[in-house]
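The listed protein sequences correspond, in order, to chains A and B.
Heads up: the first sequence at position 15 corresponds to 16 in the numbering used here, and the numbers run straight through without jumps.
Heads up: the second sequence at position 191 corresponds to 1016 in the numbering used here, and the numbers run straight through without jumps.
A few of these clues could be false.
As the list claims (entries may be wrong) - Computed far set for chain A versus chain B, every beta-carbon distance over 10 Å: (1) Ala-63; (2) Met-82; (3) Val-193; (4) Leu-213; (5) Leu-237; (6) Leu-241; (7) Val-260; (8) Tyr-263; (9) Glu-283; (10) Tyr-301; (11) Phe-361; (12) Ala-385; (13) Tyr-417; (14) Ala-426.
Claimed, not checked - Which residues of chain B face chain A? A partial, calculated answer using Cβ under 7 Å: (15) Gly-894; (16) Ile-979; (17) Ser-983.
Since the hints were made in silico from the structure, they are not lab data.
We treat Cβ as the ideally placed atom computed from N, Cα and C, and that holds for glycine.
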Amino acid sequence: MLKNVLVLILCYLPIFVIGQENEKTIPEVRIELANDSIPLSGVSQQISAKKISLYASEDIGALTQKIAGITLKNYGGIGGMKTIAYRGISGANTAVILDGFALQNTMVGQLDLSNLQVDNVQSLTFTSGVPSDELLPISALMQGNILSINTFENKPTNDTMEVRYSSKFGSFGQLDNYGSYKRSVANSLLSVYGKYRSFSGNYPYTIENGNLRTVSMRRNNQLKEGFGGINYSKDLKPYLKIRTSIHFNQSERGLPGAVILYNETSNQQLNQQNTYGNIVLEIKNGKGKMNIYNSLNYGYLNYKDPSYLNDSGGLNQWYFNTINQTGVTMNRKIKDSVFMLYGGVEHTFSSLTATNQYVFSPKRYHLQSVIGLKSTLKTFSFTAQIANHTLQNQQGNSVKNTTAWNSYFQLEKRNYHLWLGIPRAWLKQTFRMPSFSELYYNSIGNKDLKPELALQYSVGTSYRFLKNSLHISIDAYYNKVENKILAIPTKNLFVWSILNVGKVQIFGVDLMLRKNWRLSDKLELDASMNYTFQQVQDISDQKATNYKNQLAYFPAHTLQSEVSLLWNNETGIFISNSIISKRFVLNENTTSNELQGFSTFDITCYYKMNSYKKNKLKVSMTIKNVVNTPYQYISYFVMPGRNYLMTLSYAFN
Amino acid sequence: MRLISLCLLLFVLVACKKKTNPINSDISQLSHGLLVLNEGLFNLNNASLSWVDLNTSSVSDDFFLQKTGRKLGDTGNDLQRYGGKIYVLVNVSSTIEVLNTSTGQSVKQILMQENGKAKQPRNLAFYGGKLFVSCFDGYVDVIDTTTLNIEKRIKVGSNPENMVVNNHRLYVANSGGLIPSLDSTISEIDCQKLVEVKKIVVGKNPGKMVVQDDSTLFVHVRGNYSSIPSELKKINVGFIEHQESIPVKISGMEKMENQLLVYTAETVSLYDMKMNTIISNSFIPLKDIKTLYRIQYVDAVKQLFVFDANAYTNTGYIHRFSKDGQFIQKYHVGLNPNSLIYYE
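Produce the entire structure from the sequences given, and follow the hints as far as they go.
In structure tokens, the structure reads:
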């Protein structure tokens, strides 16, 4: 506790000392703000490649917690499953886009973000509402939120050749190698990349058991994972471009599970493979653009539990998930007006087969369509969108059709007002379809489930102060979720059913600050902070003892802050801090259900060498969880203590 | 910025507040109260014991923590008193906690593991100074109640659960809950020779059993929770085996002298075991009980205790009734209460 306070004071001392001095002695502050973690259009937040390397996050999942409004569920370290919720709404309402193509998992409804690597990410953009790029796949435009990943391999280049290579060595047997080669010749771009990482994962942890403080070792946490891919694009005509890509990843990992008091046995294993193949034709003329695309995703999941007490020596289950999306999306300016129409249609087929006798090979056909209108007036811009999702579920002879509509409206002021800043407001109605597991798994699945509906209202504004060196953004929101899909024990603790029973209301505020100081020609200081307050309340049953209690695992307060000091654009130190307030492990807010809040610090020091010709070398050292705080995102899924990561990066371009 | 930094400091102070759990010696001698086992929920390590003081109706939900300074563990499945000791079976933690009956102090924690695997104990039964523990790995462990050492493992069927002792025999319901085809048998064990004598086929997924007389058992056969329905069977386990299906809806049952309380989430029926007739189909009013989890009859006071799991994810209640179904009082206890010991 005292250590935490001391480190906090040390970390933020520069703000007290240098910040004040800066304002007195430097008469002119040069404005040099990147877009990192500050809203772009009022509905987007972006993290750049530079920041990503400083965070030294192990995967996209860990990185997303830097975004205001996101609640991360992290089941523990490298390879531990990571899912997100945004403003109290499930991650199943967030589309994940990789280089313009949608990634999906219809088996469980949302992606495990620990399966997405960060080494090749040029930018990570989170958009709540209609994105600035209205040519994204239709299924993404329909979602409430979009997490868009843009990679180095897909980024156009003026150089004929670019190379990236990085090696990481870290605590608990972490080894990570990534390499990428990109070549640009005659209107075409070819890139190839590969990555392999391994992690022994046996890290020590401390856990409190009543008055006992037990130190033990996390076991069965190993990971071996490989990634690879090829991107190719070519300008076939001045108005026609083709872009294709194949991505592949395979992993074998132990599942350590929750720490069970007095029983440390853990033997479960998960092997996964995913392959994504994408193609898009991009057509444009002076009036608009059109994309015709197809994405095919095939993946399997193999779950093994040799300690499962059946009569065949344990569980060994295989699940195969196939998804194919075909669609067209376009935009077009309306002649002699400030309006632009956009929209499109997409057909998706998905199927699940399994060796598990309780899964009866369901299939699903989706037809999704969107039409929208954007207008950019002199002082305001607005977007209005309406969308339809028609879905047919098949399982054997059983056929079930579902249709749902959603709509969106956004209004934003374009010019800056001294008092109002750049105000914005939006409202939208979204939904998520039940997953295959919720519909069909064993006897608990419910074929009659309706879509889970979410109504979202948001207002906010952005300000610039101190000659544009201080940016402040604030948003307040109210969301309401109806027909929430929940697993409910209906007869006893072993007999569950999945029902549309829940109602949730969410109030919240997101506050983002960023301040930049140019202290001298060579020295630059940057500080930023994201704060989220959220009240996520169960309002399903007024008579229930948990009525209007905070939902499990949603903290009321989340604070992400960071300070970066850069010398001569070569050497730097970066300190980041995450504070999560107490949470409840169940929806009833009793003392016994409390999960303690925590505060962690990470420090990264780096040195960049601009070596011979176009060769660049960077070395960085990260200490994560500097104060060695014992903490958990999910109850009894213990996180690692202090650990180290050294990164060597090479770039040629 | 100073203000922000001060806010950050405040946050850390708030976030890092530590709690302590002082060992409470207030309840030094247990009397006139209820010791309640709260099952908790899987993977949350939140099984607990509540102490209900019947003089004041006050409830302490951290009884085990206060007595031992540590938590009970994950998923408490059974609580019984035998001799001068209390036995608490904790399924996922795979332990049996042995406490002193009078003081509640810990006597021993028995770890139920073999070759690095958890045995997953499920239920307790006693006979002749021996504690029998059904383990989900297909065995019944025999523990001497004096030395508290495991003396023998008896192989039975798949995933054994409930046990009853009758006429020097231990009957073990082999549920097969973790195998797709389910088990259909109960094992009969000779309590003196400690060997399985035979298996009796009773129907898919046998669970709770009740002894009527030397040769008759009532068995709740739970089916597969979908196409094969749950049913109540009356079984003669004597020289000539005989089975009879009782036409009553059932999700659980409890013996009350010569009668059987047969219940579902909606109704509690009273069944006369000798007369083979249903006396009442609404013996206990359930309008104030959200999730009927179990009923326990305490012969010492001739009263019924109804366990309300309150939707399984909220802390539960115990509703106390007279033998003839009249409501007396209710107590707010821990998460998923499932059994109790009555202290006079």
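Each hint tested on the structure:
no., hint, result
1, Ala-63, "holds (19 Å)"
2, Met-82, "holds (14 Å)"
3, Val-193, "holds (42 Å)"
4, Leu-213, "violated (5 Å)"
5, Leu-237, "holds (53 Å)"
6, Leu-241, "holds (51 Å)"
7, Val-260, "violated (8 Å)"
8, Tyr-263, "violated (4 Å)"
9, Glu-283, "holds (44 Å)"
10, Tyr-301, "holds (21 Å)"
11, Phe-361, "holds (13 Å)"
12, Ala-385, "holds (38 Å)"
13, Tyr-417, "holds (23 Å)"
14, Ala-426, "holds (27 Å)"
15, Gly-894, "holds (4 Å)"
16, Ile-979, "violated (16 Å)"
17, Ser-983, "holds (6 Å)"
Hints 4, 7, 8 and 16 from the earlier list are contradicted by this structure; the remaining hints agree with it.
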